[in-house]
Amino acid sequence: MIKAIQPIVLTFLVMTSYAIGQDTAPPKRIKVDGVVAVIGDYVILESDIDKLSIDLENQGVSKEEITNCQLMGKLMEDRLYAHHAVQDSLLVADDQVNAMIENQVQQLTAQVGSIEKVLKFYKKPDLQSFKDELFEINKLRMLADKMRNDIITDIEVTPEEVRQFFNSIPEEERPVFGAELEISQIVKQPKPTEEDKQKVIQRLEQIKQDVEVSGSSFSVKAILYSQDPGSKSNGGAYTMDKQTPFVKEFKDVAFSLKEGEISDPFETDFGYHIILVERIRGQEVDLRHILIAPEIDNDAVERAKNQLDSVRTEIAENRLDFAEAARLFSDEKETKFDGGVLRNPADFSARFELTKMDPTLYNQISRLKEGEISYPIVERDPQGGPSKYKIMKVTNRYDEHKADFARDYMKIQELAL
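The sequence shown finishes on residue 472 if you use my numbering, and the numbering steps up by one all the way, no holes.
Check before you lean on any hint, since a few could be wrong.
[Stated by the list, open to error] Capping the alpha-carbon separation at 16 angstroms, the derived lysine to aspartate or glutamate pairs in EDC-like fashion look like this:
hint, residue 1, residue 2
1, Lys297, Asp149
2, Lys457, Glu228
3, Lys263, Glu333
4, Lys287, Glu157
5, Lys246, Glu357
6, Lys246, Glu350
7, Lys297, Glu157
8, Lys246, Asp352
9, Lys313, Asp296
10, Lys186, Asp149
11, Lys443, Asp324
12, Lys246, Glu379
13, Lys175, Glu188
14, Lys306, Glu316
15, Lys287, Asp150
16, Lys254, Asp319
17, Lys391, Glu379
18, Lys252, Asp324
19, Lys411, Glu455
20, Lys443, Asp364
21, Lys297, Glu339
22, Lys388, Glu304
23, Lys303, Glu389
24, Lys306, Asp296
Just so you know, these hints were derived from the structure itself, not from any lab. On a predicted model such as this, the values are computed, not experimentally measured, just so you know.
Taking the hints into account, I'd like the entire structure generated from these sequences.
Written out as structure tokens, the structure is:
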């Protein structure tokens with residue numbers, strides 16, 4: 056297994072074909088691509104190896120570090136895992152894949168400035184063709200990850216085995232871990248007024264009445280009015296089961312409805328929804344929903360910013376501890392009860408390696424010294440939703456260093472698996 060190679064998210068599309076001359080000379084067949092391996096239903100092309108090499112080079116990996124044989128091994132490994140995931144009925148819901156795609160598109164758009172620039176860079180004629188390719192790439196990767204995790208969960212590595220593994224690595228060959236930061240934050244989400252909330256509720260109630268009484272199309276209404284970027288274009292449609300990673304409030308309502316029933320407006324962290332259940336198939340539900348978020352006025356935004364200013368002053372003057380302030384004032388449920396500590400989504404640790412950090416997060420904290428607290432930072436929603444404010448603190452900074460057993464135990468344990 057080649058652990059240095061990260062899963063590739065974006066590649067270019069190369070069609071396998073033959074170009075045949077059209078002049079009077081004898082037809083000449085030009086090889087454009089070739090099949091190098093077949094694993095179950097998955098085919099690996101020569102161009103796949105070239106694309107993987109290019110992607111790694113774009114990530115800063117030198118061509119001299121990895122051979123084509125290693126690249127081939129990585130491609131075969133991923134497809135072997137994905138094949139066995141399907142054989143073992145370890146399925147990945149399309150909605151999960153689409154949600155990841157939306158997140159990737161948002162991040163790319165935020166990095167380069169517009170979706171047009173993203174499509175131009177990846178040589179795609181339109182957003183849908185780009186998403187279609189991302190779907191296949193992500194589906195394969197998620198299947199492989201699911202199978203890989205299923206295998207790993209059955210493997211137990213004791214601390215002594217981790218120590219033996221670490222000691223077996225010659226000193227000069229021990230991995231070097233990049234500079235890392237531990238980050239905490241306090242977030243304030245500007246709140247809409249009760250009047251603005253009621254406007255949204257009344258609007259959703261009217262849409263529900265239009266569908267139930269006047270026979271309007273729920274799908275068309277979702278396309279016209281929903282603010283959910285993950286389902287708006289397909290009429291608000293989702294298929295979900297009890298394991299689908301939707302918020303609890305949404306799932307509770309969805310599984311309480313009968314076929315053909317439309318819910319009353321209800322609230323989640325994203326705004327207000329109504330749900331239409333179209334079909335119930337065993338443990339799965341086919342539904343459509345409409346999401347509308349109340350507007351946030353400038354006064355609410357200013358109040359959030361001013362409150363964070365006050366909290367920062369309290370902390371700076373040692374009248375309040377940052378972790379306690381997070382528990383008291385932060386609006387971010389995922390971090391407030393953990394003292395505001397951000398968790399790395401890759402391994403759920405509190406450390407973020409600088410070279411692998413999300414660009415938006417990096418720009419927010421790159422100039423902060425250890426222990427320093429930022430002034431309020433505005434974080435805009437790339438999908439046009441309400442902005443939020445936050446103050447951030449670099450609680451610890453770890454310089455680039457050679458692997459140390461005590462300091463890097465979790466990373467070494469992962470390498471030992």
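To see whether the hints hold, each was checked on the structure:
For the given pair, Lys297 sits about 15 angstroms from Asp149 by alpha-carbon distance, which is consistent with the 16 angstroms threshold. Under the criterion of a C-alpha separation no larger than 16 angstroms, the hint pairing Lys457 with Glu228 is consistent with the structure, at around 9 angstroms. This hinted pair checks out: Lys263 and Glu333 have alpha carbons roughly 14 angstroms apart, not beyond 16 angstroms. For the suggested pair Lys287 and Glu157, the alpha carbons sit about 12 angstroms apart, so the restraint of at most 16 angstroms is met.
For the hint pairing Lys246 with Glu357, the CA-to-CA distance comes to about 11 angstroms; that is within 16 angstroms, so the pair holds. Proposed proximity of Lys246 and Glu350 is supported: the alpha carbons are some 9 angstroms apart, at most 16 angstroms. Note on Lys297 and Glu157: the hinted pairing is violated, with a Cα-Cα distance of about 22 angstroms set against a maximum of 16 angstroms. Between Lys246 and Asp352, the direct Cα distance comes to roughly 9 angstroms. Compliance with the 16 angstroms bound is thereby established for this hinted pair.
A threshold of 16 angstroms between alpha carbons decides the hint, and for Lys313 with Asp296 the separation of about 15 angstroms falls inside it, so the pair holds. For a cut-off of 16 angstroms, the pair hint linking Lys186 to Asp149 stands: about 12 angstroms separates their Cα positions. A C-alpha spacing of about 13 angstroms is found between Lys443 and Asp324, which places the hinted pair at or below 16 angstroms, so the restraint holds. For the hint pairing Lys246 with Glu379, the CA-to-CA distance comes to about 22 angstroms; that exceeds 16 angstroms, so the pair is violated.
Distance restraint check for Lys175 and Glu188: the Cα-Cα separation of roughly 15 angstroms lies within the 16 angstroms cut-off, and the hinted pair is therefore satisfied. Proposed proximity of Lys306 and Glu316 is supported: the alpha carbons are some 15 angstroms apart, at most 16 angstroms. Restraint check for Lys287 and Asp150: the C-alpha separation of about 13 angstroms stays at or below 16 angstroms, so the hint holds. A hinted pair counts as satisfied when its Cα atoms are at most 16 angstroms apart, and Lys254 with Asp319 qualifies at roughly 14 angstroms.
For a cut-off of 16 angstroms, the pair hint linking Lys391 to Glu379 stands: about 9 angstroms separates their Cα positions. This hinted pair checks out: Lys252 and Asp324 have alpha carbons roughly 13 angstroms apart, not beyond 16 angstroms. Proximity of Lys411 to Glu455 is assessed by CA-CA distance (about 13 angstroms); at most 16 angstroms being required, the pair is judged to hold. Restraint check for Lys443 and Asp364: satisfied, since their Cα atoms lie roughly 14 angstroms apart, inside the 16 angstroms limit.
Between the alpha carbons of Lys297 and Glu339 the distance comes to roughly 8 angstroms, so the proposed pair stays at or under 16 angstroms and holds. Restraint check for Lys388 and Glu304: satisfied, since their Cα atoms lie roughly 15 angstroms apart, inside the 16 angstroms limit. For the suggested pair Lys303 and Glu389, the alpha carbons sit about 14 angstroms apart, so the restraint of at most 16 angstroms is met. This hinted pair checks out: Lys306 and Asp296 have alpha carbons roughly 8 angstroms apart, not beyond 16 angstroms.
Violation of the numbered hints given earlier is confined to hints 7 and 12; the remaining hints are satisfied by the structure.
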